[in-house]
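Visitor: Sequence:
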Amino acid sequence: MPETTITSTRDTSNAAKSVSYDVNHPYYLNNSDLPGMTLVNTVFDGRGYPGWRRSILLSLLAKKKLGFINRACQSLDLKYPHHEQWSYVNDMVISWILNTLSKDIADSVIYSKTAKELWDSLEQRFWRSNGAKLFHLQKELSGVVQRNNDIAAYFTKLKRMWDELDALNVIICCSCVCVWEVKAKLTKSLEDHRLIQFLMGINDIYAQARGNILMMNPLPNIDVAYSLLLQDENQRKVYANAHFNSESVSFMAAREAKQPNAQLLADFAAFMIIGQGKNYHKLRSQIKRSNHITQI
Numbered sequence: 001m002p003e004t005t006i007t008s009t010r011d012t013s014n015a016a017k018s019v020s021y022d023v024n025h026p027y028y029l030n031n032s033d034l035p036g037m038t039l040v041n042t043v044f045d046g047r048g049y050p051g052w053r054r055s056i057l058l059s060l061l062a063k064k065k066l067g068f069i070n071r072a073c074q075s076l077d078l079k080y081p082h083h084e085q086w087s088y089v090n091d092m093v094i095s096w097i098l099n100t101l102s103k104d105i106a107d108s109v110i111y112s113k114t115a116k117e118l119w120d121s122l123e124q125r126f127w128r129s130n131g132a133k134l135f136h137l138q139k140e141l142s143g144v145v146q147r148n149n150d151i152a153a154y155f156t157k158l159k160r161m162w163d164e165l166d167a168l169n170v171i172i173c174c175s176c177v178c179v180w181e182v183k184a185k186l187t188k189s190l191e192d193h194r195l196i197q198f199l200m201g202i203n204d205i206y207a208q209a210r211g212n213i214l215m216m217n218p219l220p221n222i223d224v225a226y227s228l229l230l231q232d233e234n235q236r237k238v239y240a241n242a243h244f245n246s247e248s249v250s251f252m253a254a255r256e257a258k259q260p261n262a263q264l265l266a267d268f269a270a271f272m273i274i275g276q277g278k279n280y281h282k283l284r285s286q287i288k289r290s291n292h293i294t295q296i
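Using full-length UniProt numbering, read the sequence shown as starting at 1 and increasing by one per residue.
It should be emphasised that the hints constitute simulated quantities derived from the structure, not laboratory data.
It cannot be assumed that every hint is accurate.
Estimated spans, in silico, between C-beta atoms of each pair [as the list claims (entries may be wrong)]:
| hint | residue 1 | residue 2 | range |
| --- | --- | --- | --- |
| 1 | I110 | N234 | 50 to 56 Å |
| 2 | S142 | M37 | 18 to 24 Å |
| 3 | L61 | G211 | 21 to 27 Å |
| 4 | Q235 | L61 | 40 to 46 Å |
| 5 | T38 | H193 | 36 to 42 Å |
| 6 | L76 | N234 | 57 to 63 Å |
| 7 | A62 | D150 | 31 to 37 Å |
| 8 | N169 | M37 | 15 to 21 Å |
| 9 | N203 | Q74 | 53 to 59 Å |
Lysine-lysine pairs mimicking PhoX-like chemistry, simulated, CA-CA at most 20 Å apart [stated by the list, open to error]:
| hint | residue 1 | residue 2 |
| --- | --- | --- |
| 10 | K103 | K133 |
| 11 | K79 | K64 |
| 12 | K103 | K79 |
| 13 | K113 | K133 |
| 14 | K113 | K159 |
| 15 | K139 | K157 |
| 16 | K159 | K139 |
Keep in mind that this is a model prediction, so the values were computed, not measured.
No residue lacks a Cβ here, since even glycine has one placed at the ideal position from N, Cα and C.
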């Protein structure tokens, strides 16, 4: 198993002291872990903080470095033998986060001494003021309808906004050990609310499918409703293609009925040239012979 080995030399001793870290240790650095590496593709410019925040957290969790921003890996005393390696990894995490920030935001936190200090600054500025974000998100949600989008695109847009709303409401989510039935009812109520919101925004051509879903008791979860509407949409596409093909065939048949067939014309011309031409010459020869006999 790969390990990171740290060798430090003190002036009071000529012996080298080595410290090895397992790949699952937060102090471990892979050879591919460089300061210029980019954790996520999206550069945060002050907008869309919840989505950017989640991407960063997932990336740091995958690299076992989440502890450098959530107090799990706190700063070590200078006398501690792992302080030097902690400092390396801390600076690496700072560089990774700075690489995902716009220039203006990065300049405002570039002098942070620890990754935790940098992260706390971003959290205070862009995450704590949820009121305005909730207002704009709810307002945008109220106006989302399908229009020219297909079912998949319309649902994806709603789902993204619901997930962002859940991220903003994480503080008020129930985390206590209460009666299981109460939690289940609250979850079901939220699912039904989002199902109705989803059905309200679809186009009227799905009115029959929407009515069938609303007639179910209890109401299905939104994934089942999405699947039913997607099947209805696919059936409509198949019917539309079949109807278009039948109309094309009917049009071509009507056109051919109005205009003589080219092959028929060609056959008729050949018949006139070859068939009637031969008959004409044959008849003319017979008339000449008949006239000759009469003269004799």
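Visitor: Against each hint, give a clear statement of whether it holds in the structure.
Guide: Hint check:
no. : hint                    : verdict
1   : I110 x N234: 50 to 56 Å : holds (52 Å)
2   : S142 x M37: 18 to 24 Å  : violated (40 Å)
3   : L61 x G211: 21 to 27 Å  : violated (44 Å)
4   : Q235 x L61: 40 to 46 Å  : holds (42 Å)
5   : T38 x H193: 36 to 42 Å  : holds (38 Å)
6   : L76 x N234: 57 to 63 Å  : holds (59 Å)
7   : A62 x D150: 31 to 37 Å  : holds (33 Å)
8   : N169 x M37: 15 to 21 Å  : violated (33 Å)
9   : N203 x Q74: 53 to 59 Å  : holds (55 Å)
10  : K103 x K133             : violated (23 Å)
11  : K79 x K64               : violated (24 Å)
12  : K103 x K79              : violated (36 Å)
13  : K113 x K133             : violated (30 Å)
14  : K113 x K159             : violated (38 Å)
15  : K139 x K157             : holds (14 Å)
16  : K159 x K139             : holds (15 Å)
In summary, the numbered hints that this structure violates are 2, 3, 8, 10, 11, 12, 13, 14.
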